[in-house]
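Here are the chains, one letter per residue:
There are 2 protein chains.
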Amino acid sequence: MRTIRVKLDKRSYDIVIGTDIIPLLGKYIKKLDIGNSAYIITNTYVKERCSRGLIRELKKSGLNFKIKVIPDTEKSKSIPVLTAVINDLAKFDLKKRVFIIALGGGVVGDLSGLVASIYKRGIPYIQIPTTLLAQVDSAIGGKTAVDLKEGKNLIGAIYQPRLVLSDCCLLKSLDIRQLRAGLAEVIKYGIIKDSRLFTYLEREYRNILKLKVLALERIVRSSSLIKADIVGRDEREAKGIRTALNFGHTLAHAIEAAFSFKKYNHGEAVALGMLIALDISQSLKLINSSLNKRVESLIKKAGLPTKIESIRLNELMQAFYRDKKFSGAKNRLVLITGLGKVKIVENVPLEIIEKALKNRIKQPSVLRRAG
Amino acid sequence: MRTIRVKLDKRSYDIVIGTDIIPLLGKYIKKLDIGNSAYIITNTYVKERCSRGLIRELKKSGLNFKIKVIPDTEKSKSIPVLTAVINDLAKFDLKKRVFIIALGGGVVGDLSGLVASIYKRGIPYIQIPTTLLAQVDSAIGGKTAVDLKEGKNLIGAIYQPRLVLSDCCLLKSLDIRQLRAGLAEVIKYGIIKDSRLFTYLEREYRNILKLKVLALERIVRSSSLIKADIVGRDEREAKGIRTALNFGHTLAHAIEAAFSFKKYNHGEAVALGMLIALDISQSLKLINSSLNKRVESLIKKAGLPTKIESIRLNELMQAFYRDKKFSGAKNRLVLITGLGKVKIVENVPLEIIEKALKNRIKQPSVLRRAG
Chain X
1 MRTIRVKLDK
11 RSYDIVIGTD
21 IIPLLGKYIK
31 KLDIGNSAYI
41 ITNTYVKERC
51 SRGLIRELKK
61 SGLNFKIKVI
71 PDTEKSKSIP
81 VLTAVINDLA
91 KFDLKKRVFI
101 IALGGGVVGD
111 LSGLVASIYK
121 RGIPYIQIPT
131 TLLAQVDSAI
141 GGKTAVDLKE
151 GKNLIGAIYQ
161 PRLVLSDCCL
171 LKSLDIRQLR
181 AGLAEVIKYG
191 IIKDSRLFTY
201 LEREYRNILK
211 LKVLALERIV
221 RSSSLIKADI
231 VGRDEREAKG
241 IRTALNFGHT
251 LAHAIEAAFS
261 FKKYNHGEAV
271 ALGMLIALDI
281 SQSLKLINSS
291 LNKRVESLIK
301 KAGLPTKIES
311 IRLNELMQAF
321 YRDKKFSGAK
331 NRLVLITGLG
341 KVKIVENVPL
351 EIIEKALKNR
361 IKQPSVLRRA
371 G
Chain D
1 MRTIRVKLDK
11 RSYDIVIGTD
21 IIPLLGKYIK
31 KLDIGNSAYI
41 ITNTYVKERC
51 SRGLIRELKK
61 SGLNFKIKVI
71 PDTEKSKSIP
81 VLTAVINDLA
91 KFDLKKRVFI
101 IALGGGVVGD
111 LSGLVASIYK
121 RGIPYIQIPT
131 TLLAQVDSAI
141 GGKTAVDLKE
151 GKNLIGAIYQ
161 PRLVLSDCCL
171 LKSLDIRQLR
181 AGLAEVIKYG
191 IIKDSRLFTY
201 LEREYRNILK
211 LKVLALERIV
221 RSSSLIKADI
231 VGRDEREAKG
241 IRTALNFGHT
251 LAHAIEAAFS
261 FKKYNHGEAV
271 ALGMLIALDI
281 SQSLKLINSS
291 LNKRVESLIK
301 KAGLPTKIES
311 IRLNELMQAF
321 YRDKKFSGAK
331 NRLVLITGLG
341 KVKIVENVPL
351 EIIEKALKNR
361 IKQPSVLRRA
371 G
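First to last, the protein sequences are chains X and D. Everything in the first sequence is counted per my numbering, starting at 1 for the first residue and increasing by one. Everything in the second sequence is counted per my numbering, starting at 1 for the first residue and increasing by one.
Think of the hints as simulated: they come from the structure by calculation, not from any bench. No false leads were mixed into what you were given.
If we take Cβ atoms under 8 Å as the criterion, some of the chain D residues that face chain X in the derived model are:
#1 Ile79
#2 Asn87
#3 Lys91
#4 Ile118
#5 Lys120
#6 Arg121
#7 Glu150
#8 Leu154
#9 Gly156
Computed Cβ-Cβ distance ranges for the label pairs, DEER-style:
#10 Asn314/D x Val213/X: 57 to 67 Å
#11 Lys343/D x Ser173/X: 53 to 63 Å
#12 Tyr321/D x Arg56/X: 31 to 41 Å
#13 Asp9/D x Gly151/X: 24 to 34 Å
#14 Arg203/X x Gly62/D: 51 to 61 Å
#15 Tyr321/D x Gly340/X: 52 to 62 Å
#16 Gln363/X x Leu32/D: 48 to 58 Å
#17 Asp229/D x Gly232/X: 25 to 35 Å
#18 Leu284/D x Pro23/X: 44 to 54 Å
The following residues of chain D were derived to be distant from chain X, with all beta-carbon distances above 10 Å:
#19 Asp9
#20 Tyr200
#21 Ile241
Cβ atoms here follow ideal geometry from the backbone N, Cα and C, with glycine treated the same way.
Assemble the whole structure, with the sequences as input and the hints as a guide.
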C-alpha cells in the first residue's frame, strides 16, 4: 500500500493505492470526520461487480448509506442526470451529515464531484475509481463536469475530493478496451514526465494487459505521483504547469469530436493525439524519429490505434478549431523535446498540423468490389 | 463616489458606490480585462426600468452583449431556470470571451453568480444590484444559489464577482415594500457593528424612505464597508466571523417558512427575527430593555412589522427545527450584548426561544361577528 499526498493547503488530501484496501475505508472516513451518511453514486455495471466490499465495510463501520445508480454511459454527464441525483440526494439528506462516494469511472467521478461541489455550497466527497483511466487521471485533481449540447465539460467546477482510494482489485472488472484506454494515459505520463515509467511499460505491458495486480499497482502509483505533484503546483491550470497533462489531448478531442464521440473512446483518441503531437514535434525538429518510433511501438503493443480511420482532413481540422481552448486563429500545443520533457508551443503553423494529421489518416482502400 | 475593496488575495474586487455611475462600467470592464462579450441576466421589471443606461454604455464601449430576461419571481432561483440560462449562454458564447452581468436584485444575483461559477468551471461576473437589499447584502460576498423543493439555497457555490457597481439611481425603481426590506438589513448592520449608522437611521429614516440619493448612498456605503470587511476575514463562514451577519436570520427563516414564504418577504422576516433575537438577548440578561425598545421603534418607523401575524407557536418551532443550520437538538443564535456588539450563543434553552416567539405573535381578535 502507498499513500500519496496532494498538497493544496487546507484542501490537501491523500491518494491511497493498494490491493484489497476497501476494508480500510471506515477508518479513513472516521479520521476525516466528514459525516455519518454516505451517498454512493455508481452505475449498474460497477454496482454489480464492485460494490459488495464497499457495502460490507460501510455496514461494519455503522454508517448510513444510500446507493444511487446512474446509467452507464457518457450521457450521464448531463444536466438532467445531475438534477435527478441532486433531488434524490436532498431527499436522503434529512438532518444527516452527508458525504458522497463516487464509485466508478470518469463519468461517475465527474458527475459526483460536481454534485458534491454545488450541494449546500459544497459537501465532502471520496473518489473510489474503478477504471484504470480514473485511477491514474480523472479521480485526481478535482476537475468535475457535465456536458452540454454545445460541448463537453462545459459545466463544472474545480472541487477536490477528501480522499482517493485506488484499489487495484477493482480493475479486474475492466474489459480490455477500457484497460487499454487507461493505459494510454499511463503512456502519456511516461512520455511527459517519467522515462523510467515508460521503459517499465515497454518491458511489462503484457503483465498489465493480463491485469497482474503488482504491475497495475506500479503504474497507478507512478501515474498518481505525477498527477498529484502537478495538481499541487497548478490546481487551476493558471501557471502553465498543469497544461503539460494536455499532451495529446487537444488533438484527441478533435478526433473524438470529428467521429461524433462514437468511433474512439478517450484513451484511444489520446493515443492518436500523442502520436500526432510527436509527429509535429519531429516536424519542428524538437525530436528525431527514434522516440516517435518507440512510442508508436509501445502504443501498438498496448493494443491502441496508431492510425485514424478514414475521414476527410477538413472534418478533423474543423473539429480542431471548435475546441474550447482556442480563440480566433491561435493554437497552443504540448509538444515533446525528449522522453520526459515537454514544451508548450503557441501558433504551430497550420500546414504542419495538417500534414501530421493527414499522415495519420488511414488511406481508404482504393477499390471496392462492385456490389 | 466611493470604492470599497473586498480583500480576498487574488480574488479581491471593488465595490463602487455612487450616483449615476453606470457610464463608468466600460472603463472598469476594460481595466479588469474580463472579456469582450457581456451576457446580461435580468428580469422584465428591471429591464424596463434600469437597462437603458447599461446598454448605452456597453454599445459605447464597443462590447458585444445579449440580454437574458428571467421571470421576476423567487421561482427563478430554480434548476430549470438555471439550465435554461446556461443553455442559452452556451449558444451565445461561440469563440467569445464572455462574462456575465447580473442586473437585478437578489434572485438575479444569486442565479447569475451560480451560472458564472459553473460555466466552463468559472467565468467572470459583475454584480449591478438594483435593490437596496442586493446593494447592501446579497451582491457582496459571493454567495450564489438556487432553491430545491427540499429547501432554499440548497444548490450553490461561493464564487466572488469581479466588480460590484452599486448605483443609487437604480434604487428609484424600487417599490416601498422592497425598499423597507432592504432597510431591515441596514438596521441589522447598525445593530451588530455600527452604532453611528444606527443613530443615522434613527435621524434620517424619512429621507431614506423618500429615496433621497444622498441618504441612500450613505447607508449603502456603511453597509458595504461592514459586509466587505466581514467577507474579507471569513469568506466561507469558517471562523465564526461571518456568522454575525446571521443576526435575526435564523429566526427569520423559520418565520418565512412557517408562512410558506408568502406572508413575509425576507427583509420583513429579518425585522421580526431581529426583534426576537433581542427579546432572547434580554431574557438572557445580555442587554436591558432600552436597546430593545429603541430597535423596535426604528423598525416601526421603517414601516416594518414588529409582530408576527396570528400563527400557532408549534408551527413556528417546527420551521425553526427544519432549518438547515441545525442538526439534532442543537441551536446556535447570534445575540446582542449592546449596540454594535454580537455574541454567538449555542443551545439557548428552548423555553426562552418559545417565550420570545410567543410574545411576538399577534393575538387573534377574540370575537368575530357571526356571518
